[in-house]
Amino acid sequence: MLKMKSATLIDNQGHLVGMDQIDLNGLDEASLNAEETYSARVRSDTHAVQLLRSLGRLPETKATEDEKTATDSELERQLFGKRVLIVSWFGASAKNAANKINEVGGQATWLDGSKYTESKVIDEIRANRYDVGVVLINGSHHHTVKAAWEAQRAGQNIQVTPNAGMTKIIRIAMDAL
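In terms of full-length UniProt numbering, the sequence shown opens at residue 1 and continues consecutively.
I should point out that these hints are in silico values taken from the structure, not numbers from a laboratory.
Hints may be right or wrong, so weigh each one.
Calculated cross-link-like contacts (lysine-lysine; reagent style DSS-like; alpha-carbon spacing at most 27 angstroms) [what the hints assert, rightly or not]:
#1 Lys-168 - Lys-146
#2 Lys-120 - Lys-146
#3 Lys-95 - Lys-120
#4 Lys-100 - Lys-168
#5 Lys-82 - Lys-146
#6 Lys-120 - Lys-82
#7 Lys-95 - Lys-146
#8 Lys-168 - Lys-115
#9 Lys-115 - Lys-100
#10 Lys-100 - Lys-82
#11 Lys-115 - Lys-146
#12 Lys-82 - Lys-115
#13 Lys-120 - Lys-168
#14 Lys-82 - Lys-168
#15 Lys-115 - Lys-95
#16 Lys-95 - Lys-82
#17 Lys-100 - Lys-120
#18 Lys-95 - Lys-168
When you get a sec, could you build the whole thing from the sequences and use the hints?
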C-alpha cells in the first residue's frame, strides 16, 4: 500500500517513492489524492512500482499511550514468570514475540528450525520445561509438527498453528495459560 504525500508516495515501511519510479497503470496523475491510500505491487521483471487501485481513505488506527499500557500490563499479568517455547522457521514474527514476552517478564525461547537441528527442536518440545509451547506449522519439518502433536496428546501445553504474526503468537500463548 502506498500513501500519497504531495509529489511522492510513502510505502508501508515509510520509504519515499518518487512519481518517476511509479507506473500509474492508467491512473491519471492529476486524479491522485493525497488523502487516499493506494494498493500497489512491485513488478518482478522491471522492479517498478505499479499502482493497482485506490483504496480510498483508510482510517489510521494508532494505540494511545493508555491502550499500550493496558496491553503491556495485561501481557505482564498473564506472562510474567511463564516459560514459553516458540518454534518457527520464520524469524521476524517469532523473534519479536519472544522479545515482547521477555520484555514483560516472561522467559521465551525461540528455536528457529533453520538454525537448529531437527533433533534439538524435537528434544526441546518433548522436554516439558515450558508452561506453553507454540509451534508454527509453516516452514517446520513434518517430524517437528508430529512431535508437537504427540506432546500435545501426552498432556503438554503445546499449541500447533499455521504461520502467525507476533500478536497472534502472543495471543496463543496467553490463551493457552
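Going down the list of hints, with the structure as the test:
no.	hint	result
1	Lys-168 - Lys-146	holds, 22 angstroms
2	Lys-120 - Lys-146	holds, 14 angstroms
3	Lys-95 - Lys-120	holds, 18 angstroms
4	Lys-100 - Lys-168	holds, 12 angstroms
5	Lys-82 - Lys-146	holds, 24 angstroms
6	Lys-120 - Lys-82	holds, 21 angstroms
7	Lys-95 - Lys-146	holds, 23 angstroms
8	Lys-168 - Lys-115	holds, 23 angstroms
9	Lys-115 - Lys-100	holds, 21 angstroms
10	Lys-100 - Lys-82	holds, 13 angstroms
11	Lys-115 - Lys-146	holds, 19 angstroms
12	Lys-82 - Lys-115	holds, 24 angstroms
13	Lys-120 - Lys-168	holds, 25 angstroms
14	Lys-82 - Lys-168	holds, 17 angstroms
15	Lys-115 - Lys-95	holds, 13 angstroms
16	Lys-95 - Lys-82	holds, 17 angstroms
17	Lys-100 - Lys-120	holds, 24 angstroms
18	Lys-95 - Lys-168	holds, 13 angstroms
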